[in-house]
Amino acid sequence: MHFLLAIALTAFNIFNLFQPDTVLRTLQFYDGNNITVIERGVKTKVSLACIIAPEISAEAIDGDRARDALVSLLSDAQFGLKVFGKNHYGRLIAEIFANGTNVNKTLVEQGNAYYDPGYGSECDEYEGLEQIAKQNKRGLWRDS
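Using my numbering, the first residue of the sequence shown is number 1, and each one after it goes up by one.
Be aware that a few hints might be false.
Straight-line Cα separation of at most 30 Å, BS3-like style, residue types lysine-lysine; simulated pairs [as the list claims (entries may be wrong)]: (1) K82 <-> K105; (2) K82 <-> K45; (3) K105 <-> K137; (4) K45 <-> K105; (5) K86 <-> K105; (6) K86 <-> K43; (7) K43 <-> K82; (8) K134 <-> K105; (9) K45 <-> K86; (10) K43 <-> K137; (11) K134 <-> K82.
Quick list of the computed label-pair ranges, beta carbon to beta carbon [said to hold, decoys possible]: (12) A60 <-> G100: 31 to 41 Å; (13) S57 <-> G90: 19 to 29 Å; (14) Q135 <-> L27: 29 to 39 Å; (15) G90 <-> D124: 19 to 29 Å.
FYI, nobody ran anything at the bench for these hints, they're computed from the structure.
Given the structure is predicted, the values throughout are model-derived calculations rather than measurements.
Beta carbons: idealized from backbone N, C-alpha and C, even for Gly.
Build out the structure end to end from the sequences listed, making use of the hints.
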């Protein structure tokens with residue numbers, strides 16, 4: 001019983017560390033939707049919820065553009081996370097809030113990421129943001 005309580009409290013504390021009002025620092029940007037943050041000396045990998053960004057590859061520049069957009073939104077910014085849970089890689093799944101802005105939504109609005117319907121109703125408004133980016137031929141949609 002004590003073991004289960006310890007696990008529950010540990011999980012509770014991990015998720016409470018990353019509330020939107022917690023100031024985090026970015027250590028590494030992997031691509032347009034995966035980063036490592038540090039808070040209180042703890043490094044944590046984070047995947048951005050509700051979006052899919054293009055992979056970085058030698059053949060395409062969209063992955064680099066997506067990562068660069070994320071870097072520009074978080075560089076020198078104070079930010080926090082709204083954690084949805086963890087994925088099968090053990091990364092936190094979260095929305096990022098920097099300077100009062102939802103970074104995940106901004107990436108979709110700019111056309112630097114796709115809406116991912118796999119997150120359910122919590123992410124429904126991302127679909128509309130993607131449609132606007134398509135209509136305005138932003139980012140990924142510039143040639144469509």
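Structure-based check of each hint:
Our distance criterion of 30 Å between C-alpha atoms is met by K82 and K105, whose separation comes to about 13 Å. Of the supplied pair hints, the one linking K82 and K45 holds, its CA atoms being roughly 14 Å apart against a limit of 30 Å. Pair hint K105 plus K137 holds up; C-alpha atoms about 16 Å apart against a cutoff of 30 Å. Between K45 and K105 the alpha-carbon distance is near 19 Å, which keeps this suggested pair within the 30 Å criterion.
A threshold of 30 Å between alpha carbons decides the hint, and for K86 with K105 the separation of about 20 Å falls inside it, so the pair holds. Distance restraint check for K86 and K43: the Cα-Cα separation of roughly 15 Å lies within the 30 Å cut-off, and the hinted pair is therefore satisfied. Taking the CA atoms of K43 and K82, the gap is about 17 Å. The hint holds against a cut of 30 Å. Taking the CA atoms of K134 and K105, the gap is near 14 Å; set against the 30 Å cutoff, the hint holds.
Our distance criterion of 30 Å between C-alpha atoms is met by K45 and K86, whose separation comes to about 10 Å. Using a Cα cut-off of 30 Å, the hinted pair K43 and K137 is violated, with the two alpha carbons roughly 37 Å apart. Restraint check: the Cα-Cα separation between K134 and K82 comes to about 27 Å, which is no more than 30 Å; the hinted pair holds. At about 32 Å, the beta-carbon gap between A60 and G100 stays in the expected band of 31 to 41 Å.
At roughly 24 Å, the beta-carbon separation of S57 and G90 lies within the given 19 to 29 Å, and the hint holds. A hinted range of 29 to 39 Å holds for the C-beta pair Q135 and L27, which are about 36 Å apart. In this structure, G90 and D124 meet the distance hint of 19 to 29 Å, their C-beta atoms being roughly 27 Å apart.
Of the numbered hints listed earlier, the single one contradicted by the structure is hint 10.
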